[in-house]
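Participant: So the chains spell out like this:
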Amino acid sequence: MKLSEKLKRTFFTENPVTGLLLGLCPTLAVTSSAENGIGMGLATTFVLVCSNLVIATLKNVIPNRVRIPAFIVVIATFVTIVDMGLQATMFELHKTLGLFIPLIVVNCVILGRAEAFASKNTVWDSFIDGITNGLGFTFALFILGAIREVFGSGAILGYAFWPEDYRTILVFVLAPGAFLTLGFMLVGMNRISKALEGKK
Amino acid sequence: MAKNESAFRVIIVLVLIAFFSAFLLAYVNNITSGPIEENKRAETKKAIEIVLSTLTDYTYPEEPIATEIDNSPVKYFPAQAADGSIIGYAIIVKGPNGFTNDFDMMVGLDSSGTVIDTYVLDHKETPGLGDGMAREPFKKQYRGKNLQNSNWNVIKDGGDFDILTAATITSRAFTGGVHRALLLFKKLKNEVNV
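Chains X and P are the protein sequences, given in the same order. So the first sequence is numbered by my numbering: it starts at 1 and just counts up by one. So the second sequence is numbered by my numbering: it starts at 1 and just counts up by one.
Any given hint could turn out to be false.
Said to hold, decoys possible - Straight-line Cα separation of at most 25 Å, SDA-like style, residue types lysine to any residue; simulated pairs:
{"hint": "1", "chain 1": "P", "residue 1": "Lys46", "chain 2": "X", "residue 2": "Gln87"}
{"hint": "2", "chain 1": "X", "residue 1": "Lys120", "chain 2": "X", "residue 2": "Ala160"}
{"hint": "3", "chain 1": "P", "residue 1": "Lys46", "chain 2": "P", "residue 2": "Leu121"}
{"hint": "4", "chain 1": "X", "residue 1": "Lys95", "chain 2": "P", "residue 2": "Asp102"}
{"hint": "5", "chain 1": "X", "residue 1": "Lys95", "chain 2": "P", "residue 2": "Ser33"}
{"hint": "6", "chain 1": "P", "residue 1": "Lys46", "chain 2": "X", "residue 2": "Gly98"}
{"hint": "7", "chain 1": "P", "residue 1": "Lys139", "chain 2": "P", "residue 2": "Asp160"}
{"hint": "8", "chain 1": "X", "residue 1": "Lys95", "chain 2": "P", "residue 2": "Lys140"}
{"hint": "9", "chain 1": "P", "residue 1": "Lys140", "chain 2": "P", "residue 2": "Leu121"}
{"hint": "10", "chain 1": "X", "residue 1": "Lys95", "chain 2": "P", "residue 2": "Leu14"}
{"hint": "11", "chain 1": "X", "residue 1": "Lys59", "chain 2": "P", "residue 2": "Leu14"}
{"hint": "12", "chain 1": "P", "residue 1": "Lys45", "chain 2": "X", "residue 2": "Met84"}
{"hint": "13", "chain 1": "X", "residue 1": "Lys95", "chain 2": "P", "residue 2": "Lys75"}
{"hint": "14", "chain 1": "P", "residue 1": "Lys40", "chain 2": "X", "residue 2": "Lys120"}
{"hint": "15", "chain 1": "X", "residue 1": "Lys95", "chain 2": "P", "residue 2": "Val120"}
{"hint": "16", "chain 1": "P", "residue 1": "Lys40", "chain 2": "X", "residue 2": "Met84"}
{"hint": "17", "chain 1": "P", "residue 1": "Lys124", "chain 2": "X", "residue 2": "Ala160"}
{"hint": "18", "chain 1": "P", "residue 1": "Lys124", "chain 2": "X", "residue 2": "Phe151"}
{"hint": "19", "chain 1": "P", "residue 1": "Lys45", "chain 2": "P", "residue 2": "Ile65"}
{"hint": "20", "chain 1": "P", "residue 1": "Lys124", "chain 2": "X", "residue 2": "Pro63"}
{"hint": "21", "chain 1": "X", "residue 1": "Lys120", "chain 2": "P", "residue 2": "Phe8"}
{"hint": "22", "chain 1": "P", "residue 1": "Lys46", "chain 2": "X", "residue 2": "Phe151"}
{"hint": "23", "chain 1": "P", "residue 1": "Lys145", "chain 2": "P", "residue 2": "Asp162"}
{"hint": "24", "chain 1": "P", "residue 1": "Lys40", "chain 2": "X", "residue 2": "Gly85"}
{"hint": "25", "chain 1": "P", "residue 1": "Lys124", "chain 2": "X", "residue 2": "Met84"}
{"hint": "26", "chain 1": "P", "residue 1": "Lys124", "chain 2": "X", "residue 2": "Leu93"}
{"hint": "27", "chain 1": "P", "residue 1": "Lys145", "chain 2": "P", "residue 2": "Phe8"}
{"hint": "28", "chain 1": "X", "residue 1": "Lys59", "chain 2": "P", "residue 2": "Ile11"}
{"hint": "29", "chain 1": "P", "residue 1": "Lys124", "chain 2": "X", "residue 2": "Ile81"}
{"hint": "30", "chain 1": "P", "residue 1": "Lys94", "chain 2": "X", "residue 2": "Leu99"}
Hints are computed from structural coordinates only; laboratory data are not their basis.
With the rest of the complex left out, here is chain X (with noise of 0.2 Å):
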């Protein structure tokens, strides 16, 4: 499959977020501002990439039996890894997110990869699979988190529009405006795909 071909699906139609609603988790809790949802997808992507290299490599290895619990290990070290690297490199960007770092961990969109794709794939395909579902996250998570700080906070990552005294719609930070906003972009999102899908 191109590459090109790749990206569109993870990107649009087979988005984890917004066409497959999986890792609704992190996606709800921690994108209350574009930054924040970057920064989430991002470590997820890295995670993703190197699970699945991981997993593609040791396919033949792996007992069927024991694979998912093979699989979380794998996982689990690669999120800790994330863990200790934010916090030794970016500090402010830990002090948000690493409540959710660890919860990566049971984010279903990795564990999904790992067992529908990079089990029974080659080392090359898993890891395009991992950088484009990767990135397909980040952008989902960027356009939800883009949106709720632009309505809740009167911002753009970080750089404030609205002045300071102006109410802005609180809904959105909060956990309800998650729901809303998403609710809103998967019609925008399944529009998209459907055009997109169209025309081919």
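Knowing the structure of chain X, use the given hints to seat chain P on it.
Facilitator: Here is chain P on its own, set in the frame of chain X:
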């Protein structure tokens, strides 16, 4: 996936995977523990400079002194002038009963026990509501206040301090945290005089 597998093989593979990941984690931990410690120290240093912003030419010990007030652990850095006299305190307290949990904050006091400034170190309050406690409009009402000139409750509870819109609990916790720092100051003063 390998079919036809013996129990022995299953155990060996899982043990090897766990062993390698433990090794990898130990290695990464070894590299990152230094910078992480450094970052935390830099954060504390930054916080002390903010909460003691009106003081100049002071030194403070590398490690804070730990004690207890109100059944809650507190740590403080005494700021000493060149002649050794104590001209202020940077006190790390827990804001009690925040919206999600207790949160860590630092309060700077001068030698008369008046608040110089406050700094929130680590919190998990609601973004957009409770995290307003770290912003200027909320913080400034605590400056220049001490045990004598203020009633240490939020307005809703009959005190002197404004609350953040839709974050009463956070505001209460913040006010309670600053109050704790002041109580510690009073206790320290009494110990010196006795």
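Participant: With reference to the structure, classify each hint as holding or not holding.
Facilitator: How the hints compare with the structure:
Proximity of Lys46 of chain P to Gln87 of chain X is assessed by CA-CA distance (about 17 Å); at most 25 Å being required, the pair is judged to hold. For the proposed pair Lys120 of chain X and Ala160 of chain X, the alpha carbon gap of about 47 Å is over 25 Å, so the pair is violated. Proposed proximity of Lys46 of chain P and Leu121 of chain P is supported: the alpha carbons are some 10 Å apart, at most 25 Å. Taking the CA atoms of Lys95 of chain X and Asp102 of chain P, the gap is near 16 Å; set against the 25 Å cutoff, the hint holds.
Only pairs whose Cα atoms come within 25 Å are accepted, and Lys95 of chain X paired with Ser33 of chain P is accepted, the gap being roughly 16 Å. Annotation: proposed proximity of Lys46 of chain P to Gly98 of chain X holds, straight-line Cα distance about 20 Å (limit 25 Å). Taking the CA atoms of Lys139 of chain P and Asp160 of chain P, the gap is near 13 Å; set against the 25 Å cutoff, the hint holds. At most 25 Å may separate the alpha-carbon atoms for a hinted pair to count; Lys95 of chain X and Lys140 of chain P meet this at roughly 24 Å.
Pair hint Lys140 of chain P plus Leu121 of chain P holds up; C-alpha atoms about 17 Å apart against a cutoff of 25 Å. Between the alpha carbons of Lys95 of chain X and Leu14 of chain P the distance comes to roughly 34 Å, so the proposed pair goes past 25 Å and is violated. Simply put, Lys59 of chain X and Leu14 of chain P have alpha-carbon atoms about 13 Å apart, close enough for the 25 Å limit, and the pair holds. This hinted pair checks out: Lys45 of chain P and Met84 of chain X have alpha carbons roughly 21 Å apart, not beyond 25 Å.
Only pairs whose Cα atoms come within 25 Å are accepted, and Lys95 of chain X paired with Lys75 of chain P is accepted, the gap being roughly 21 Å. Distance check on the hinted pair: Lys40 of chain P and Lys120 of chain X sit about 43 Å apart at the alpha-carbon level, beyond 25 Å; violated. Between Lys95 of chain X and Val120 of chain P the CA atoms are separated by roughly 12 Å; this keeps the pair inside 25 Å, and the hint holds. For a cut-off of 25 Å, the pair hint linking Lys40 of chain P to Met84 of chain X stands: about 13 Å separates their Cα positions.
At most 25 Å may separate the alpha-carbon atoms for a hinted pair to count; Lys124 of chain P and Ala160 of chain X meet this at roughly 22 Å. Pair hint Lys124 of chain P plus Phe151 of chain X holds up; C-alpha atoms about 22 Å apart against a cutoff of 25 Å. Annotation: proposed proximity of Lys45 of chain P to Ile65 of chain P holds, straight-line Cα distance about 15 Å (limit 25 Å). Of the pairs offered as hints, the one joining Lys124 of chain P and Pro63 of chain X is violated, with about 42 Å between alpha carbons and a cut-off of 25 Å exceeded.
Proximity of Lys120 of chain X to Phe8 of chain P is assessed by CA-CA distance (about 24 Å); at most 25 Å being required, the pair is judged to hold. Distance hint between Lys46 of chain P and Phe151 of chain X is unfulfilled; the C-alpha atoms sit about 32 Å from each other, more than 25 Å. Note on Lys145 of chain P and Asp162 of chain P: the hinted pairing holds, with a Cα-Cα distance of about 14 Å set against a maximum of 25 Å. Under the criterion of a C-alpha separation no larger than 25 Å, the hint pairing Lys40 of chain P with Gly85 of chain X is consistent with the structure, at around 14 Å.
Taking the CA atoms of Lys124 of chain P and Met84 of chain X, the gap is about 19 Å. The hint holds against a cut of 25 Å. Taken as a hint, the Lys124 of chain P and Leu93 of chain X pair is honoured in the structure, with Cα atoms around 13 Å apart against an allowance of 25 Å. The straight-line distance between the Cα atoms of Lys145 of chain P and Phe8 of chain P is roughly 70 Å, outside the 25 Å bound, and the hint therefore fails. Straight-line distance between C-alpha atoms of Lys59 of chain X and Ile11 of chain P comes to about 16 Å, which keeps the hinted pair within the 25 Å bound.
In summary, the hint linking Lys124 of chain P to Ile81 of chain X is supported, as the alpha carbons are separated by about 23 Å, within the 25 Å threshold. Our distance criterion of 25 Å between C-alpha atoms is met by Lys94 of chain P and Leu99 of chain X, whose separation comes to about 19 Å.
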